[in-house]
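Colleague: One letter stands for each residue in the lines below.
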Amino acid sequence: MEEKKMTEKESLELITAMIQRTRERYVGDGNILLMWGYLTVIVTALVWIMLITTHNPAWNWLWFAIGIVGGIATPIMSKKSDLKNGVKSYSDKITSQIWTTVGLASVVATLFCFGFALKGFNPWGMMFVIPLIIVPMAEIAQGIIVKEKSLIAGGAIGLCVGLFTFCCIVSNARLLINWFLPLFMFAFGCMMIIPGHIINRKAKMQR
Amino acid sequence: MKELDPILHSQLRLAVMSILMNVDEADFVYLKEQTESTAGNLSVQLDKLSNAGYITVTKGFVGKKTRTTCQVTEQGRKAFEEYVEALKAYLNL
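So the protein sequences, as listed, match chains H and P. Read left to right, the first sequence gives residues 1 to 207 (my numbering). Read left to right, the second sequence gives residues 1001 to 1093 (my numbering).
Note that these hints are calculated values from the structure, not bench results. Just so you know, these numbers come straight off a predicted model, no measurement behind them. Yeah, the Cβ is synthetic: ideal placement off N, Cα and C, and Gly gets one too. Hints are not guaranteed to be accurate.
Said to hold, decoys possible - Pair ranges (Cβ atoms, derived):
1. P/1057 / H/125: 49 to 57 angstroms
2. H/149 / P/1089: 38 to 46 angstroms
3. P/1048 / H/123: 58 to 66 angstroms
4. P/1089 / H/74: 23 to 31 angstroms
5. P/1057 / H/53: 53 to 61 angstroms
6. H/116 / P/1057: 26 to 34 angstroms
7. P/1056 / H/117: 46 to 54 angstroms
8. P/1051 / H/97: 26 to 34 angstroms
9. P/1071 / H/13: 22 to 30 angstroms
10. P/1041 / H/160: 24 to 32 angstroms
11. P/1038 / H/21: 13 to 21 angstroms
12. P/1051 / H/117: 57 to 65 angstroms
Isolated chain H (complex conformation) (with noise of 0.2 angstroms):
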């Protein structure tokens, strides 16, 4: 491209032009999604079998694993995505800012859990909600924000349980591990893994 003048005409073609370039630029990645899902999977996998097989109440530290993990390897993820595409769209901005939202609230969770259990309380039942209601619900917006169904879908099966769970403890039922656990992994299953693989099929497919 030249740096000449243009009629008005000629002018108006080009900014529809450059928008229409902008906006045939993929659906993105779903590779963060995938980390989360398949992360979130294998660890609630591993803590099934530990407490199955030890009955070591022990093992549940493990589910910090997902925390940590996860919130390591999202930003790095995340300015690895920003770089290859070589630009930010507003909607990835508010994507971005909405998780960074559900990050801290599961921060804040997790600590008034611990100040709950310092007292003698036992508040744990609550870390299953957050994953199970706040991440939805960032779900089903980020679906609705980049139009793409199979986050809606995948969200709202996930909020599904995720108010299933909460009816559960407020009720006082007990969530036992041997269907409890497999729930959680279906739920994460259809709210990380099948949209995160549907996103990378697509990108995939358009490049």
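Chain H is fixed; fit chain P onto it per the hints.
Modeller: Leaving out everything else, chain P in the frame of chain H:
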């Protein structure tokens, strides 16, 4: 009729502004690819837009490589909107 802004009424500068109006930020390589321009020419035009206060150019490092990112300013956004309005008036749209 209002005169068209000479800073924007130029093919490459207008292309860059049209892209930046639609994204939060874009890097030099992306702008070069989308506008199909040469690095030298694009660099000169980015300087002109930056000197006019229409965009901010941030130079950073990714590892050992430099990375230049551009963002439209509020002044640039206003100028672009006025430019489009003026275009519409010229074209009787």
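Colleague: Run every hint past the structure and note whether it holds.
Modeller: Tested hints:
Range check, residue 1057 of chain P to residue 125 of chain H: Cβ separation about 51 angstroms, and the 49 to 57 angstroms hint holds. For the pair residue 149 of chain H and residue 1089 of chain P, the supplied restraint of 38 to 46 angstroms holds, since their beta-carbon distance comes to about 42 angstroms. Distance hint check for residue 1048 of chain P and residue 123 of chain H: the Cβ-Cβ separation is about 59 angstroms, which falls inside the suggested range of 58 to 66 angstroms. At about 48 angstroms, the CB distance of residue 1089 of chain P to residue 74 of chain H disagrees with the hint of 23 to 31 angstroms.
Range check, residue 1057 of chain P to residue 53 of chain H: about 59 angstroms between beta-carbon atoms, so the 53 to 61 angstroms window is met. Taken as a hint, the range 26 to 34 angstroms is violated for the pair residue 116 of chain H and residue 1057 of chain P, whose Cβ atoms sit roughly 50 angstroms apart. Between residue 1056 of chain P and residue 117 of chain H, the C-beta spacing of about 47 angstroms keeps the proposed range 46 to 54 angstroms intact. Here the CB-CB span from residue 1051 of chain P to residue 97 of chain H is close to 31 angstroms, well matched to the stated 26 to 34 angstroms.
The hinted range of 22 to 30 angstroms is satisfied by residue 1071 of chain P and residue 13 of chain H, whose Cβ atoms lie roughly 25 angstroms apart. For the pair residue 1041 of chain P and residue 160 of chain H, the supplied restraint of 24 to 32 angstroms is violated, since their beta-carbon distance comes to about 55 angstroms. Our hint of 13 to 21 angstroms for residue 1038 of chain P and residue 21 of chain H holds, since their Cβ atoms are close to 18 angstroms apart. Checked against the hint of 57 to 65 angstroms, the pair residue 1051 of chain P and residue 117 of chain H passes, with Cβ atoms roughly 59 angstroms apart.
In terms of the numbered hints stated before, the structure departs from hints 4, 6 and 10, listed from lowest to highest.
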